[in-house]
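Colleague: Order-wise, the sequence lines are chains H and D.
Following full-length UniProt numbering, the numbering of the first sequence begins with 1 at its first residue and continues without gaps.
Following full-length UniProt numbering, the numbering of the second sequence begins with 1 at its first residue and continues without gaps.
Treat the hints loosely; a few may be bogus.
[As the list claims (entries may be wrong)] Only pairs whose alpha carbons sit at most 20 Å apart, straight line, appear in this in silico EDC-like list of lysine to aspartate or glutamate:
| no. | chain 1 | residue 1 | chain 2 | residue 2 |
| --- | --- | --- | --- | --- |
| 1 | H | Lys160 | D | Glu117 |
| 2 | H | Lys86 | D | Glu117 |
| 3 | D | Lys173 | D | Glu117 |
| 4 | D | Lys149 | H | Glu447 |
| 5 | H | Lys160 | D | Glu55 |
| 6 | H | Lys160 | H | Glu197 |
Just so you know, the hints here were simulated from the structure itself, not pulled from any lab data.
Protein chains: 2
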Amino acid sequence: MSNVDKAEKKVASKKSAKKADAHIEGASQIGIEVRKEVDFSTWYTQVLKRSEMLEYYEEVSGCYIIRPLAYNIWQEIQNFFDAEIKKLGVEDTYFPMFVSQRQLEREKDHIEGFAAEVAWVTKAGSSNIENPVAIRPTSETVMYPYFAKWIRTYRDLPLKLNQWCNVVRWEFKNPQPFIRTREFLWQEGHTAHFTKEEADTEVYKILELYRQVYEDMLAVPVIRGIKSEKEKFAGGLYTTTLEGFIPTTGRGVQAATSHCLGQNFSKMFDIVIEDPKDAKKVHVWQNSWGISTRSIGVMVMIHGDNKGLVLPPRIAATQVIVIPCGITSKTTEDDKKLVESKVNDVVEELKSVGIKAKADLRENYSPGYKYNHWELKGVPIRLEIGPRDLQNQQSLMVRRDNGSKEPIPLADLVSRIPDTLKIIQKDMFERAKKVYDDHVKIVLKWEDFVSTLDGKNFVMIPWCEEVSCETSIKEKSTRHVTKEEAEDEKAPSMGAKSLCIPLEQPNDPPIVPGETECISCGKLAKRYALFGRSY
Amino acid sequence: MSNVDKAEKKVASKKSAKKADAHIEGASQIGIEVRKEVDFSTWYTQVLKRSEMLEYYEEVSGCYIIRPLAYNIWQEIQNFFDAEIKKLGVEDTYFPMFVSQRQLEREKDHIEGFAAEVAWVTKAGSSNIENPVAIRPTSETVMYPYFAKWIRTYRDLPLKLNQWCNVVRWEFKNPQPFIRTREFLWQEGHTAHFTKEEADTEVYKILELYRQVYEDMLAVPVIRGIKSEKEKFAGGLYTTTLEGFIPTTGRGVQAATSHCLGQNFSKMFDIVIEDPKDAKKVHVWQNSWGISTRSIGVMVMIHGDNKGLVLPPRIAATQVIVIPCGITSKTTEDDKKLVESKVNDVVEELKSVGIKAKADLRENYSPGYKYNHWELKGVPIRLEIGPRDLQNQQSLMVRRDNGSKEPIPLADLVSRIPDTLKIIQKDMFERAKKVYDDHVKIVLKWEDFVSTLDGKNFVMIPWCEEVSCETSIKEKSTRHVTKEEAEDEKAPSMGAKSLCIPLEQPNDPPIVPGETECISCGKLAKRYALFGRSY
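Can you make the complete structure from the sequences, with help from the hints?
Modeller: Next up, the structure:
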């Protein structure tokens with residue numbers, strides 16, 4: 001049975017299994033049929049498919065088709081981020097996607113982190129390939145032999161390369177569109193520096209750019225932090241991360257990571273220069289950093305509602321849809337033409353001030369159908385124009401994000417619409433930020449840990465930062481639930497892991513060195529750490 | 001032995017084997033050591049590697065690293081082409097790179113054309129995958145099941161999708177950087193139309209855009225034409241093509257193709273709509289079209305010279321390099337600073353009028369070394385500024401393409417440089433065009449065919465257009481040479497194939513229907529066809 005069939009069947013079976021509460025009464029054929037807050041995973045699938053963001057790929061499970069509405073968002077992210085990293089002196093490149101076994105296994109911790117998910121090409125045509133090749137899960141081992149070749153003196157530093165590409169991680173866990181897929185698109189930056197300080201500085205500059213992508217473009221709030229030893233990048237020195245939060249499920253999602261690899265890879269791959277001061281051999285300091293199409297999924301999960309997608313204006317391919325309305329059998333042909341011509345004029349005027357506006361003049365659809373259609377697709381603003389509006393020289397402006405309606409004089413549209421788009425962008429972020437903030441709970445004794453977690457919250461605790469303690473916390477917070485409950489996602493069986501040690505530490509109460517204890521193991525706490533269940 | 005070692009060894013062995021004539025006397029360490037006209041394939045490898053366009057990938061043969069200097073050209077092509085197709089209503093998308101065996105084999109002619117080169121993923125981690133998946137060699141069979149799903153009525157037409165991606169064709173022939181590689185980057189457009197006329201129109205619109213990429217951006221002349229039945233796209237109706245010409249070897253290179261697939265795939269994949277006129281089921285008309293990173297290799301082969309790359313200004317990441325010179329041990333520190341500050345000023349002025357200018361103020365290199373360095377990298381214009389130039393308020397402008405030198409008043413740079421860049425672009429194209437034109441020879445009797453071909457020419461002949469005749473021409477023009485001669489590329493063993501039936505037909509002498517005979521088989525000729533040896 002195909003993925004799609006399974007998804008559809010799941011909807012059907014859930015419905016019959018007394019899931020009627022999930023069903024949205026009177027939902028039109030093109031709309032969403034289940035409530036986000038009741039059956040989140042079916043809702044997510046429906047929103048993605050029906051808005052035409054994504055299609056399930058029936059042939060290979062865990063793979064999905066990124067349709068234009070979603071791919072456009074990826075291109076917006078690419079345009080912004082690529083321009084920013086070029087300002088930092090990063091150059092785009094393209095390395096092969098194939099890597100030999102020998103090369104892949106050169107860094108031991110690294111390969112341990114990826115080996116189970118590596119896809120191998122063993123045949124070409126009908127012949128076996130003598131030395132099978134892996135498809136990159138990430139490109140450290142593909143690139144660094146060439147770093148060793150190209151970096152000869154300190155004058156060759158810094159070397160800053162980036163590539164936009166596909167990678168493959170053949171996971172056997174439940175796939176989830178955008179969030180966990182066997183093939184995905186990302187950029188991977190790989191840089192080499194003379195000093196640790198330079199490398200450190202870059203790690204945080206990139207993290208800041210990722211924050212801008214999430215918060216300023218996608219209106220998705222994130223918490224910046226450092227990964228624990230257990231959760232850091234395999235083979236790296238330390239990992240900085242952005243952590244997102246899906247309020248509906250109370251689960252976290254790793255949004256983007258910027259790693260300092262230290263000198264670990266440069267030692268394995270022999271990337272050395274002579275120190276100009278004393279001619280001693282020095283291993284370079286390296287970073288790698290990536291953001292992927294997962295970002296699109298996080299944005300949909302956070303902002304979508306029971307009518308479908310809600311797109312932040314900055315990444316919406318269509319920001320304003322203009323729809324003629326109020327045309328009945330009594331309307332004269334002349335009046336109808338006047339309305340349509342005004343609709344076109346408004347679109348042109350908005351375009352002339354840089355707004356991505358579009359008219360929906362389709363003949364065979366009612367205004368109501370069109371409203372649903374563009375709501376489903378998440379267009380930030382709808383403008384309605386009918387014969388009566390023409391008399392009053394106005395248009396009704398409807399916001400997708402909060403449903404508010406306001407008549408706007410036609411003459412004011414070119415100033416009001418750009419302003420309103422900015423306000424929507426800001427409002428969407430601030431609402432989501434408030435929800436996130438409200439769900440980060442400081443917990444000071446273990447007894448409150450699991451119940452707080454179960455309330456769909458993140459838990460911020462004074463923590464010892466030890467690997468064994470993290471393992472124990474995961475174990476202690478794992479619930480043993482029935483299979484049905486687990487599928488439900490209401491009572492997830494998974495335990496909590498550390499999401500990050502936030503850069504902005506709470507100070508009420510402060511961690512008192514030598515005094516504050518880890519709430520799990522009782523050893524001394526170093527800093528607050530954020531724990532949660534996560535995708 | 002790795003590719004690189006082989007290439008280096010080839011250079012070494014050729015040198016020892018009385019290949020001293022290839023060696024360029026006095027070539028600096030960073031320059032090119034063999035002459036393009038004497039040992040083309042070594043020259044090509046050296047230019048690509050030493051200019052830092054490309055690196056051989058030692059791990060997997062037939063794969064190469066596209067370095068920033070080359071990747072930047074690809075991005076320029078992407079920016080231009082993507083904007084143009086969006087004007088035609090094409091939307092960007094991303095389909096998975098994996099395709100199942102069942103799907104891949106649905107169109108019989110198509111799979112026959114690709115089967116031998118398909119790479120198969122059979123393992124993930126240490127487990128075998130139950131149903132091995134192929135990596136796309138092209139995406140017709142990946143996409144068209146979804147065309148069938150999405151196209152329901154004539155209102156869903158035209159459907160116009162495009163993706164920028166990597167594809168894999170595991171060829172066993174000699175690989176050649178950019179020209180024939182196992183993984184390469186391209187765009188593939190896939191569109192569906194209601195009528196054949198619409199599809200036809202688009203095929204030629206896209207071909208025209210490809211012509212603009214080659215002729216207007218890369219300064220590479222091409223001949224537009226239609227492929228023979230033998231050479232057309234596997235499974236398609238007809239293929240239009242751009243054919244390039246490498247004068248040094250006399251060989252042709254297929255530059256880009258725009259296919260009309262007719263209704264063949266829509267029948268196999270059941271992509272049908274109801275005709276709104278009579279409610280009858282109609283299969284849609286489809287096109288597919290692609291241009292790849294091969295274009296970069298063609299440009300290098302045509303314009304490069306014995307000093308290295310020569311980049312057309314429109315695609316050069318650096319258009320103008322400004323180098324301080326004339327600074328000796330007698331120059332005062334103040335004068336040196338004045339020169340350097342003027343160099344920086346000139347760069348800023350040029351940037352302010354949109355020119356990609358850069359200063360080379362490196363301390364440890366002589367002006368001569370820098371000249372060689374930037375010539376190797378193909379920068380279109382070099383400006384030299386020394387103390388004496390400052391006194392005369394001028395700068396020496398040196399053109400990379402023809403070596404001409406001219407002093408330009410500093411005050412005129414912002415007007416003269418943009419003009420000169422345009423002139424260089426035009427001159428490069430026109431010179432290459434003249435060479436191409438001179439090597440297309442009309443041949444009217446078979447006796448002249450092979451000798452004309454051997455003179456490193458294309459051969460234009462009145463032709464019957466039959467598959468059996470094409471096979472016979474190839475056979476008759478194949479030379480049986482020693483292995484050494486074959487490697488030399490001077491006396492290629494390969495026979496000629498039809499490159500295209502040119503859209504612009506010669507008319508002297510005209511083809512007289514019912515009278516003019518095919519020069520190979522004596523049957524009636526239909527049109528002139530272009531034959532040649534090709535990559």
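Colleague: State for each hint whether it applies.
Modeller: Tested hints:
no.	hint	result
1	H:Lys160 x D:Glu117	violated, 35 Å
2	H:Lys86 x D:Glu117	violated, 37 Å
3	D:Lys173 x D:Glu117	holds, 10 Å
4	D:Lys149 x H:Glu447	violated, 53 Å
5	H:Lys160 x D:Glu55	holds, 16 Å
6	H:Lys160 x H:Glu197	holds, 15 Å
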